[in-house]
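Following the hints, complete the assembly by docking chain V onto the known chain C.
Residue numbers (our numbering), protein chains in the order written: chain C, 8 to 712; chain V, 8 to 712.
Since the hints were made in silico from the structure, they are not lab data.
Since the list gives no way to pick out one identical chain from another, each pair is judged satisfied if it fits inside one copy or across any two copies.
In silico DSS-like pairs for lysine-lysine, Cα to Cα no more than 25 Å straight-line:
(1) Lys690 / Lys578
(2) Lys687 / Lys647
(3) Lys677 / Lys214
(4) Lys677 / Lys578
(5) Lys687 / Lys264
(6) Lys623 / Lys373
(7) Lys647 / Lys214
(8) Lys264 / Lys690
(9) Lys185 / Lys214
(10) Lys647 / Lys690
(11) Lys623 / Lys370
(12) Lys677 / Lys185
(13) Lys677 / Lys690
(14) Lys677 / Lys687
Number of protein chains: 2
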Amino acid sequence: MPWWKVILWLVGLAALFSLGIIVGHFAVPKEADQLAPQDLDQELLEAVMGQLDASRIQENLRELSLKPHMATTLRDENLVQLLLQRWQNPESGLDAAGEGVYEVLLSFPSREQPNTVRVVSSNGTTLFTSQHSETNLTGEQGDPEVVQPYAAYAPAGTPQGLLVYANRGSESDYAYLKDQGINLTGTIALTRYGGVGRGAKAVNGAKHGVAGLLVYTDPGDINDNLRFPNETFPHSWALPPSGVERGSYYEHFGDPKTPYFPATPSAFRLENADIQGFPPIPTQPISFEDAQKLLCEVNVTVHNRLELRNSSNVLGIIRGAVEPDRYVLYGNHRDSWVHGAVDPSSGTAVLLEISRVLGTLVKAGKWRPRRSIVFASWGAEEFGLIGSTEFTEEFFSKLQERGVAYINVDIAVFANATLRAQGTPPAQSVIFTAAKQVPAPGKSGLTVYDNWLQYYNRSSPAHGVIPSLGTLGSGSDYAAFVHFLGITSMDIAYTYDRSKTSARIYPTYHTAFDTFQYVESFLDPGFTSHRAVAQTVVNVLLRLSDSLLLPLNIGDYSETLRSFLQAAQDKLGPLLGQQSIDLGPLVSAVERFERAAAALDQRIETLRKNLSDPLKVRMVNDQLMLLERAFLNTRAFPEKYYYSHVLWAPRTSNVVTFPGLANAYDEAVKTPNDPSAWAKVKKQLSIAAMAVEGAAATLEPVDDL
Amino acid sequence: MPWWKVILWLVGLAALFSLGIIVGHFAVPKEADQLAPQDLDQELLEAVMGQLDASRIQENLRELSLKPHMATTLRDENLVQLLLQRWQNPESGLDAAGEGVYEVLLSFPSREQPNTVRVVSSNGTTLFTSQHSETNLTGEQGDPEVVQPYAAYAPAGTPQGLLVYANRGSESDYAYLKDQGINLTGTIALTRYGGVGRGAKAVNGAKHGVAGLLVYTDPGDINDNLRFPNETFPHSWALPPSGVERGSYYEHFGDPKTPYFPATPSAFRLENADIQGFPPIPTQPISFEDAQKLLCEVNVTVHNRLELRNSSNVLGIIRGAVEPDRYVLYGNHRDSWVHGAVDPSSGTAVLLEISRVLGTLVKAGKWRPRRSIVFASWGAEEFGLIGSTEFTEEFFSKLQERGVAYINVDIAVFANATLRAQGTPPAQSVIFTAAKQVPAPGKSGLTVYDNWLQYYNRSSPAHGVIPSLGTLGSGSDYAAFVHFLGITSMDIAYTYDRSKTSARIYPTYHTAFDTFQYVESFLDPGFTSHRAVAQTVVNVLLRLSDSLLLPLNIGDYSETLRSFLQAAQDKLGPLLGQQSIDLGPLVSAVERFERAAAALDQRIETLRKNLSDPLKVRMVNDQLMLLERAFLNTRAFPEKYYYSHVLWAPRTSNVVTFPGLANAYDEAVKTPNDPSAWAKVKKQLSIAAMAVEGAAATLEPVDDL
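Pulled out of the complex, with its shape left as it was, chain C reads as follows:
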């Protein structure tokens, strides 16, 4: 038998063996089994993880990233059909899948009149003109569907003025220039990506009179200083000199015309002039190759225009067998800026492989989760998390009542060194448990958890040295779930070895060089990191969908709250004391929370010994599921669209504590003699204490007065 036949035989035997395990262990329970409540099946879990196939993920990615698929383009619509076909497949699809369409306001450059940056002489001669596209190095950059680099939602206009280098365009960067005696009025500010958000660079500049904004990617920030064609992609993972980061410059998220309304055709829409959060001045991103050629007087011509477009979410469901009204949601966006092999197709490739394996089990009648699993492919994320936000608006009540958790995998693999997870505290333990069951890619022999621990760790009072779970900002589609809905959320990926690169993000981010070849050659040859992410995610997913008792560890919120309190006491306490502002109510609230969480954990341990009463289990699960909701206060930050979560709203202060309190404190310190500024601090203190007290009350025995 030739060697390849041996391999075929072995593969076949392995597949049969796996199938046998599945048939043997996950057959529909017989009458006699019905009495035992459905719970997580460890062997099923192992088998499912084993079924996740790196080469299938690789083939998914190849197809997904074949062509540019910016939101609402023809190729985006093709991928909608691809997802629907996969999820409606009779052998490996889900129970149901469908499309949700919203009419949303996007922003595009003009094909006919490309945006241009020119250096002009004093007599009006053009001395230099910026490139309209990236250099065609691998063929993909020459695709006619590649969108010209632009700053989405920046207004059209042709400002011209003296060039001023404004570092990262932060408030303090502009203030520094002003302090140097530089009059910024009418200037064109040249800034580099990073430090502050895209839109903030324009907003800050406009406050100082800046007339036009340029943003480039600095090789020092992204390339570990590599800058020449022969040392950048396709010769390494580094960004070629002509690469330009596209991106949305909208300051909020969701469809800009319909804040708090789902963007159905009939929804109330703001007039474009009434929209808040668009960059106020013409803005254009450029390459570092072009940036270094700019000098003196610069003209920026932007022809962006706003367009109402139909954007689709694709949704699929595996219906829960026992608690179909409890939803574990797992999603990623579908739209890219160009080919988007990394962002977002690496995540979508994983999503499709997970849905295939689970769908196959369901279609074969071998398994059905205890709770419903909802799969989502969001549209128009790149323009501002639009698809996911509109979805949360449309199904707000339903999701708020029934959402157990939201798992986001946007970029699945930034790099192949270690897991990186972000989430709210109740998600920590289930991610840890999952990561301990997955082998790390490579030859270390470590689990994903142990490998992670080597790269990012911290010392936890309760758990000792553990991997660091990051917090969730608003960088991807989890934003509306955590901030607007108060659903326990997480984001999972593989990422960098920070000892080897200081790149702000993977170098070809949002450029025409983010291609399949880039992933295959530099980020994850063999797709083993993709598989490790898939295995970790499916493990988390099944634990959430199938465990009789929800694996959300509320005790981990005690640790967060205690650390927030400690930071407030240490960093804010002295000056608050001088203002007779007492942190005592927050101390009492945190202590009450700690007591309530510990007591509930005790009751859960007791319950674990006898799980036969389905209502008792459901009541405890409701407490666990709804804890995150209790931290919402829709009136806490009225000026910030969608931000209601008192613990995770944007924090501008660098004190890691309750964001409303820290931000108000920072403002008050600037005007220490203004009683109204300190009143705002007191108000935010009350908001924080009330949220923690209210959350504690939900954990206390349900029949306590």
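Showing chain V alone in chain C's frame:
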């Protein structure tokens, strides 16, 4: 045997018989019974209703109304202790009872410097001085604890000016005077109670420059024109000439210093100057006896002052046996203006009798409800529903997650003619079912339901001719439950025969003549109407707490929505059409709701045939319980404290439809050429449609995509 011994024997036998029924039917279920899920027990219900004793209600009322018990006074505190003793009684108390104290801002007149209204001559001589107290006709009016009539929260001051009669002090009343060429600046406006809210009379007047406000009770509005001492109380139920209606003139509800915060000692408090909604001008209520003596130049001296006071709620619980995390709440306020025999002690007398009967069963181990029952005695309602509102703020998350329904019985008996119930539509059917099981007081032989049907009825497309269920405004402690929390709520009382009186409300309302004698002599001799209310309420209460499937008929919301839609189409449609504002989205939303509600009703009928799966029942009950929540939108009416319910927020328009839509329409009609006014109409239309769509989504099958 003398006749009285026969009666004693008969009473004893009846009591034994009742006890037998209870023991026989409601014994703790044996092992074999455990498999059948706990459901409503009709015979228990009948027995409980039979135990409710009119003479006990009478004795409760005698004690409760013995002394003035204005919020936070010593007597109010005594009643807190009375409630605690009753609810902690080892034989007839609840499982637990406790006190919740809030530090709230109240307003009181000065004992040392009574508020005074004077008629002054042009040379400054005082020609007439108003009375500082009501005439002591029955002894109670002479109690030193009777508070001087005053307008709570009206500012202190001594305006003096020409007297102007301004009817009811509505916006149009003042506008009429202005149109007649009368300069209102610096005047004292004399208005009569009714028509618009108390505070509105001052707010409207101040806009026109009115310097001081007087409010009197007109015999035509309250007394069917009776006005002389020999034809008013104690000779009839009519208000004596010296009677003055006290009341709160605060425009919002809840503690004025802590909107959206529970008024704990450490809560953030507004500076008094920053409080919104206080009457802007000195205001004083007066008697009709005094009102007729006023002429020409009038001086109003108000010495009211604001005080922070501790106000208590008393809470008690009977813990649920099966679903302790589902709360049926039943409450009433405790504080009165003076003796408050009718308002609120008639309701509290009923509350105590119901809690006694149910507590006795629980303490004897004879019964325990399926769900938890929470009893509440609210503090400081008269100042603006303060105790109940603070409670909903403190336990917002817990109540929003778990509140099944709130039953309010404030004034239990306005008069003894007929039941009067208000509520949101899901409450209608359970009130009807209960009312059909209670005999109406008097000799008619009718049920409470049939008697009600004779007095107040309407034709329902779904049900034919049925009693009219009123809607809930913000007149009592249900306000925060329905508007802020979105909990299905209702208010139940016995009330007038409108063919016999046109009194705006019972004549001694908020005066020192609202006494036990008044109730016993004129409102409900024999206390049979009190008992009928108690029986109806306990029936509703047990149906909500004990029925396996919640008796909330969501189909009745379909009827409401259809009627709102029809009114919008008929009354607003033509002009909206001219503005190209399409009601189509609202039509679709209502149709979707109707379909979803009907389909859920079908599924419930199927489920009813096999109720053995506790999770299936719980899932449906969650849909029913949470429907009301789905109509909340915290951003719908941002300027109106606490009002989030899209269907029941205050409606100033007289078109009975979605209030936000109707109000915005009325505004736009005033400025038909202002596009921003029509944009607000469009926005409210979207808010309404979104709420109905979102609510429909919660009724659709839980595993629908």
